Amino acid sequence: MDYYPIPDNAARQFIDSSTVFGEYCRARAAARQYQGGMYWKKQDSYCYLVKTRPDNRQRRIGPRCPETEVVYKEFVTRKTETEARLASLAGSLRESERLNKALNVGRVPSVVISVLQAIEEAGLAEYFTIVGTHALYAYESAARIRIVQSALATQDVDLLWDARRRVQFMADIARLSTSVLAILQKADPSFRRREDQLSTAINDKGFEIDFLRRVPEGDDPHPLRLTADEGDLRPVQARRANVLTDARHFEHIVVSATGRMALMRTIDPTVFVEFKTWLATGAPDRPAIKRRRDAQQAAIVQSLLNESLLIP
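With the first letter of the sequence shown counted as 1, position 78 gets the number 78 in this note's numbering; the numbers rise by one all the way through.
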């Protein structure tokens with residue numbers, strides 16, 4: 001068999017830790033609404049309410065009056081409540097991660113979890129989709145099975161950038177005043193852009209992150225850099241990547257060997273099977289060793305679908 005079920009205690013722990021992780025993510029999203037602060041600012045005889053942001057920018061809400069008093073009180077109350085809930089759930093999450101590690105719940109490479117978390121924390125997760133071999137971690141997590149290691153062994157992960165939403169992406173990342181490479185470096189400071197392959201970031205362990213995009217369509221710019229930063233990554237065109245870009249998404253919580261968790265966003269498993277089958281049989285210039293693994297991966301996921309262990 002190319003896969004086998006995980007132990008019952010690991011399966012139960014995954015369910016429990018997923019519940020904690022999901023609630024932690026919801027609490028974190030709620031707390032983001034109350035980032036920064038509010039205070040009353042006096043200027044001569046005039047007093048008004050100011051909202052501050054984490055980057056120290058300020059916005060005047062209005063003069064002190066019954067209405068702004070209510071705004072201030074509600075903000076302070078909700079901020080205190082959400083931060084307390086987030087802190088409590090953070091403690092529960094740490095305990096869940098400890099148990100995940102003890103019970104061998106997951107095995108996703110730790111660097112992949114760190115990258116997913118960094119992109120999520122930057123608020124850019126919706127623009128990137130994991131495709132290729134690493135999608136199998138989301139599928140096996142959903143099916144509560146383990147895929148044989150020979151089908152998973154790889155030292156790179158493919159991140160598909162959604163070129164259809166480039167205008168909104170550029171606006172969002174510009175507000176962050178950062179680059180995609182800098183975001184990766186929050187996950188692992190050793191990430192550097194390969195100067196012989198500008199679409200790839202590599203760390204000091206030799207692990208690579210390849211950024212892909214569809215072949216330019218319509219008014220898609222080409223070549224394209226992800227940000228205005230001259231040293232940032234430049235997604236490479238990939239054959240038939242439009243199929244992956246247009247595919248329905250499949251999301252599932254995944255766990256590293258160290259117990260940490262992240263939400264992996266990948267493609268519908270039926271599209272994975274179709275694409276891997278094409279790579280195995282029809283893609284030009286595909287090395288034979290990769291074709292064999294493509295066929296193996298397609299067969300594994302199709303089997304999970306046939307047995308209803310994996311629901312698209």
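Because the hints were derived from the structure by calculation, they are not lab data. Keep in mind it's a predicted model, so treat the numbers as computed, not measured. Hints are supplied without guarantee of correctness; some may be wrong.
Unchecked claim - Straight-line C-alpha distance at most 35 Å; calculated DSBU-like pairs for lysine-lysine:
no., residue 1, residue 2
1, K73, K101
2, K101, K51
3, K186, K205
4, K51, K73
5, K51, K41
6, K186, K290
7, K290, K51
8, K205, K73
9, K186, K79
10, K186, K51
11, K42, K101
12, K41, K79
13, K51, K79
14, K101, K205
15, K101, K41
16, K101, K79
Going through the hints against the structure:
1. In summary, the hint linking K73 to K101 is not supported, as the alpha carbons are separated by about 42 Å, beyond the 35 Å threshold.
2. Between the alpha carbons of K101 and K51 the distance comes to roughly 42 Å, so the proposed pair goes past 35 Å and is violated.
3. Between K186 and K205, the direct Cα distance comes to roughly 16 Å. Compliance with the 35 Å bound is thereby established for this hinted pair.
4. Restraint check for K51 and K73: satisfied, since their Cα atoms lie roughly 13 Å apart, inside the 35 Å limit.
5. Pair hint K51 plus K41 holds up; C-alpha atoms about 10 Å apart against a cutoff of 35 Å.
6. Taken as a hint, the K186 and K290 pair is honoured in the structure, with Cα atoms around 32 Å apart against an allowance of 35 Å.
7. Distance check on the hinted pair: K290 and K51 sit about 55 Å apart at the alpha-carbon level, beyond 35 Å; violated.
8. At roughly 50 Å between alpha-carbon atoms, K205 and K73 are farther apart than 35 Å, so this suggested pair is violated.
9. The hinted pair formed by K186 and K79 meets the criterion: a straight-line CA distance of about 26 Å does not exceed 35 Å.
10. As the CA atoms of K186 and K51 are separated by approximately 28 Å, the hinted pair is consistent with the 35 Å bound.
11. Between K42 and K101 the CA atoms are separated by roughly 53 Å; this puts the pair beyond 35 Å, and the hint is violated.
12. About 20 Å separates the Cα atoms of K41 and K79, which keeps this hinted pair within 35 Å; it holds.
13. Of the supplied pair hints, the one linking K51 and K79 holds, its CA atoms being roughly 13 Å apart against a limit of 35 Å.
14. At roughly 22 Å between alpha-carbon atoms, K101 and K205 fall within 35 Å of each other, so this suggested pair holds.
15. Pair hint K101 plus K41 does not hold up; C-alpha atoms about 49 Å apart against a cutoff of 35 Å.
16. The suggested pairing of K101 with K79 holds, with an alpha-carbon distance near 33 Å, which does not exceed 35 Å.
In summary, the structure is inconsistent with hints 1, 2, 7, 8, 11 and 15 from the numbered list given earlier, while agreeing with the others.
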